[in-house]
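Heads up: the sequence lines are chains A and B, in that order. With the working numbering applied, the first sequence corresponds to residues 99 to 459, in that order. With the working numbering applied, the second sequence corresponds to residues 24 to 282, in that order.
Take these hints with a grain of salt, some might be off.
Derived DSS-like pairs: lysine-lysine, alpha-carbon spacing no greater than 30 Å straight-line [claimed, not checked]:
#, chain 1, residue 1, chain 2, residue 2
1, A, LYS359, B, LYS41
2, A, LYS353, B, LYS160
3, B, LYS41, A, LYS277
Which chain B residues stay away from chain A? Per the calculated CB distances, all over 10 Å, these [stated by the list, open to error]:
#, residue
4, PHE114
5, ALA131
6, GLU220
7, SER266
8, PRO268
9, GLY279
These are calculated hints, taken from the structure and not from any lab test. We treat Cβ as the ideally placed atom computed from N, Cα and C, and that holds for glycine.
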Amino acid sequence: MSDVSIDQPLASGSAPQPRSVSLHRPRLPRWAPAAVAAFAIAAGCGTGLGAGLSSRVQWGLIAAGLFVTVMYALATRVEGRRQATDRLATSLVWVCFLLAVVPLVSLVWETVARGIKVLDGNFLTHSMAGVLTIQPGGGVYHAIIGTLEQVGIATAIAAPVGLLTAVYLVEYGRGRLAKAVTFFVDVMTGIPSIVAGLFILSFWILMLDFGYSGFAGSMALAILMMPVVVRSTEEMLKLVPNELREASLALGVPKWRTILKVVLPTAIGGIATGVTLAIARIAGESAPIVLLVFGSQVINNNPFDGAQSSLPYYIYEQWAAGNDASYARAWAAALVLIAFVMILNLVARGIARWKAPKTHR
Amino acid sequence: MAKRIDVSGLSAYYGTHKAIDDISMTVEPRSVTAFIGPSGCGKSTFLRTLNRMHEVTPGGRVEGKVMLDDENLYGAGVDPVSVRRTVGMVFQRPNPFPTMSIYENVAAGIRLNGGRIRKAELDDVVEKSLQGANLWKEVKDRLNKPGAGLSGGQQQRLCIARAIAVEPQVLLMDEPCSALDPISTLAIEDLIGELKERFTIVIVTHNMQQAARVSDRTAFFNLAGVGQPGKLVEIDETARIFSNPSVQATEDYISGRFG
Numbered sequence: 099m100s101d102v103s104i105d106q107p108l109a110s111g112s113a114p115q116p117r118s119v120s121l122h123r124p125r126l127p128r129w130a131p132a133a134v135a136a137f138a139i140a141a142g143c144g145t146g147l148g149a150g151l152s153s154r155v156q157w158g159l160i161a162a163g164l165f166v167t168v169m170y171a172l173a174t175r176v177e178g179r180r181q182a183t184d185r186l187a188t189s190l191v192w193v194c195f196l197l198a199v200v201p202l203v204s205l206v207w208e209t210v211a212r213g214i215k216v217l218d219g220n221f222l223t224h225s226m227a228g229v230l231t232i233q234p235g236g237g238v239y240h241a242i243i244g245t246l247e248q249v250g251i252a253t254a255i256a257a258p259v260g261l262l263t264a265v266y267l268v269e270y271g272r273g274r275l276a277k278a279v280t281f282f283v284d285v286m287t288g289i290p291s292i293v294a295g296l297f298i299l300s301f302w303i304l305m306l307d308f309g310y311s312g313f314a315g316s317m318a319l320a321i322l323m324m325p326v327v328v329r330s331t332e333e334m335l336k337l338v339p340n341e342l343r344e345a346s347l348a349l350g351v352p353k354w355r356t357i358l359k360v361v362l363p364t365a366i367g368g369i370a371t372g373v374t375l376a377i378a379r380i381a382g383e384s385a386p387i388v389l390l391v392f393g394s395q396v397i398n399n400n401p402f403d404g405a406q407s408s409l410p411y412y413i414y415e416q417w418a419a420g421n422d423a424s425y426a427r428a429w430a431a432a433l434v435l436i437a438f439v440m441i442l443n444l445v446a447r448g449i450a451r452w453k454a455p456k457t458h459r
Numbered sequence: 024m025a026k027r028i029d030v031s032g033l034s035a036y037y038g039t040h041k042a043i044d045d046i047s048m049t050v051e052p053r054s055v056t057a058f059i060g061p062s063g064c065g066k067s068t069f070l071r072t073l074n075r076m077h078e079v080t081p082g083g084r085v086e087g088k089v090m091l092d093d094e095n096l097y098g099a100g101v102d103p104v105s106v107r108r109t110v111g112m113v114f115q116r117p118n119p120f121p122t123m124s125i126y127e128n129v130a131a132g133i134r135l136n137g138g139r140i141r142k143a144e145l146d147d148v149v150e151k152s153l154q155g156a157n158l159w160k161e162v163k164d165r166l167n168k169p170g171a172g173l174s175g176g177q178q179q180r181l182c183i184a185r186a187i188a189v190e191p192q193v194l195l196m197d198e199p200c201s202a203l204d205p206i207s208t209l210a211i212e213d214l215i216g217e218l219k220e221r222f223t224i225v226i227v228t229h230n231m232q233q234a235a236r237v238s239d240r241t242a243f244f245n246l247a248g249v250g251q252p253g254k255l256v257e258i259d260e261t262a263r264i265f266s267n268p269s270v271q272a273t274e275d276y277i278s279g280r281f282g
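Produce the complete structure using the sequences and hints provided.
Right, dumping it as structure tokens:
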């Protein structure tokens with residue numbers, strides 16, 4: 099509501115000059131923001147056309163600026179300063195929201211529009227074996243297999259290690275060791291993926307003399323994934339109220355069982371979400387894959403032996419081939435990768451909702 | 024099955040801070056002993072030393088002896104886990120396990136301890152414990168609903184049922200009614216009256232009427248000043264503490280003339 103003055107005397111008559119007070123203030127109609135937005139967009143497009151500005155981004159920025167200023171000016175005139183400030187903040191929030199959403203939506207739109215052309219059953223179930231890059235046809239099957247195996251192995255390594263590290267930090271870690279672990283986890287979070295790739299390359303392939311393989315890529319991905327899992331799990335475990343731990347301990351339950359049966363189940367929804375998001379993050383990594391997995395045109399089901407492909411690598415490779423057929427395949431593979439990440443996100447949300455502590459009656 | 028607790032020369036620390044100093048008292052079996060005193064005087068800390076929950080807090084440390092019949096809880100080779108199975112605890116805020124149903128909450132102590140028990144037997148224990156906590160009638164048709172969906176008073180009785188399901192000898196209650204409305208409080212006070220037939224009960228309370236209503240003996244704790252350790256001022260029959268205490272500070276506290 100608007101400013102309320104309650105200095106009107108209760109016993110009227112005796113007091114000097116009661117200032118007349120109304121609780122009503124003039125307000126802009128509910129449709130005003132929508133109308134101003136429509137006007138701003140029209141004006142933005144008009145100015146853009148008239149001045150011959152080629153970039154649509156400029157049109158949008160003009161419209162956004164107009165919207166904010168006109169809203170503020172209008173509100174100042176009609177509603178007063180406090181309301182105008184409120185309107186200003188609201189319009190800025192909306193404009194920033196749109197600025198954030200526009201690239202996201204246009205990215206998805208572009209990928210879907212270009213990728214859908216060659217994305218069909220054939221594309222998903224065939225490899226590039228025997229297909230010349232300038233020919234249409236071929237598919238991503240070998241890359242999907244590679245991504246699934248590499249990401250799967252990386253998760254199998256990183257999730258248990260990360261989970262147990264987080265349990266140590268939250269439930270047991272005291273003093274120097276815990277501080278050191280936290281510090282190194284922080285440092286690991288910042289490791290560029292190419293550095294993780296180079297580390298495994300020099301250690302696994304150059305020093306120990308193993309060949310290029312999906313497994314080598316998995317190890318680099320695991321290095322990238324581990325700190326993310328530790329961090330998110332740690333936060334989730336910290337959210338479990340201490341009272342639950344005490345309640346369990348007071349029942350004579352040993353600490354390890356308390357952690358296993360009370361703390362982890364309470365946090366499992368959030369932990370699963372964190373792990374899934376970490377998987378989604380490494381699924382798109384390309385630098386370590388280029389270094390360690392080598393890339394391949396054919397199906398290699400064995401991640402421990404020989405070159406494989408993966409979706410990010412496949413996109414890079416098809417784009418580098420530089421012709422219409424390979425561009426189309428690159429977009430379709432990008433669409434497949436986005437869909438993969440999106441499905442993982444949905445799964446994470448599903449798990450979080452399914453496992454969330456229930457309070458309804 | 025109820026046991027006598029005999030405390031002598033007990034001090035508890037948080038890191039270097041001494042929270043309670045040199046407390047000695049006896050808690051009689053099959054009776055209710057109430058702890059009263061101003062905030063920060065170490066009642067809850069003392070209560071938590073009676074089932075070795077104090078040392079769960081980082082930096083928590085205890086000196087002295089707590090004899091449960093003829094066993095020292097702080098003796099060498101005593102397993103804190105088995106101490107806590109013998110001395111149960113109910114907390115200030117109701118804290119049912121949010122991932123578990125009402126049934127699972129009551130069965131938690133047995134199941135989490137890894138006890139192999141037949142379903143029929145477990146059903147029996149759950150029913151008996153819920154009846155013991157005066158909750159059976161209210162929840163018997165929805166045992167599989169989440170425990171966190173009950174009202175505050177029901178949740179606290181669920182926690183009591185959970186605590187008595189493991190058949191402890193002693194039940195410690197840390198302000199069990201402070202988060203509850205008067206009707207739920209009454210239900211829990213009645214329950215305490217029934218439970219003392221079977222258990223030794225120690226209850227911390229800020230409500231002096233409550234101490235007068237439910238307890239047989241009352242202990243008054245006090246502290247000399249901020250940062251000073253809490254001390255036991257006196258312990259006596261409840262009727263005596265509230266009518267004719269032997270220490271002036273006790274009378275000042277219960278008559279509201281404190282400080």
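**Asked** Closest CB-CB distance from PHE114/B to chain A, is it above 10 Å?
**Response** Violated, because the least Cβ-Cβ distance between PHE114/B and chain A comes to about 6 Å, which does not exceed 10 Å.
**Request:** Taking the shortest Cβ-to-Cβ distance between SER266/B and chain A, state whether it exceeds 10 Å.
**Result:** Holds: least Cβ distance 35 Å, greater than 10 Å.
**Request:** Grab the minimum beta-carbon distance between ALA131/B and chain A and tell me whether it stays above 10 Å.
**Result:** violated, 6 Å
**Asked** Keeping to a limit of 30 Å between CA atoms, is the pair of LYS353/A and LYS160/B held or broken?
**Response** violated, 33 Å
**Message:** Run the distance test for LYS359/A versus LYS41/B: straight-line Cα separation, threshold 30 Å.
**Reply:** The given pair, whose Cα atoms are some 34 Å apart, is violated under the 30 Å limit.
**Request:** Say whether it holds or is violated: GLY279/B keeps its Cβ farther than 10 Å from all Cβ of chain A.
**Result:** holds, 32 Å
**Asked** So is GLU220/B really clear of chain A, every C-beta pair being over 10 Å apart?
**Response** holds, 22 Å
**Message:** If we take the beta carbon of PRO268/B, is the closest beta carbon in chain A still more than 10 Å away?
**Reply:** With a cut-off of 10 Å, PRO268/B remains clear of chain A, as the shortest Cβ separation is near 32 Å.
**Message:** For a C-alpha distance cap of 30 Å, please report whether LYS41/B and LYS277/A respect it.
**Reply:** Cα-Cα ~27 Å, so holds.
Figure legend: structure checked against the earlier numbered hints; hints not met, in rising order: 1, 2, 4, 5.
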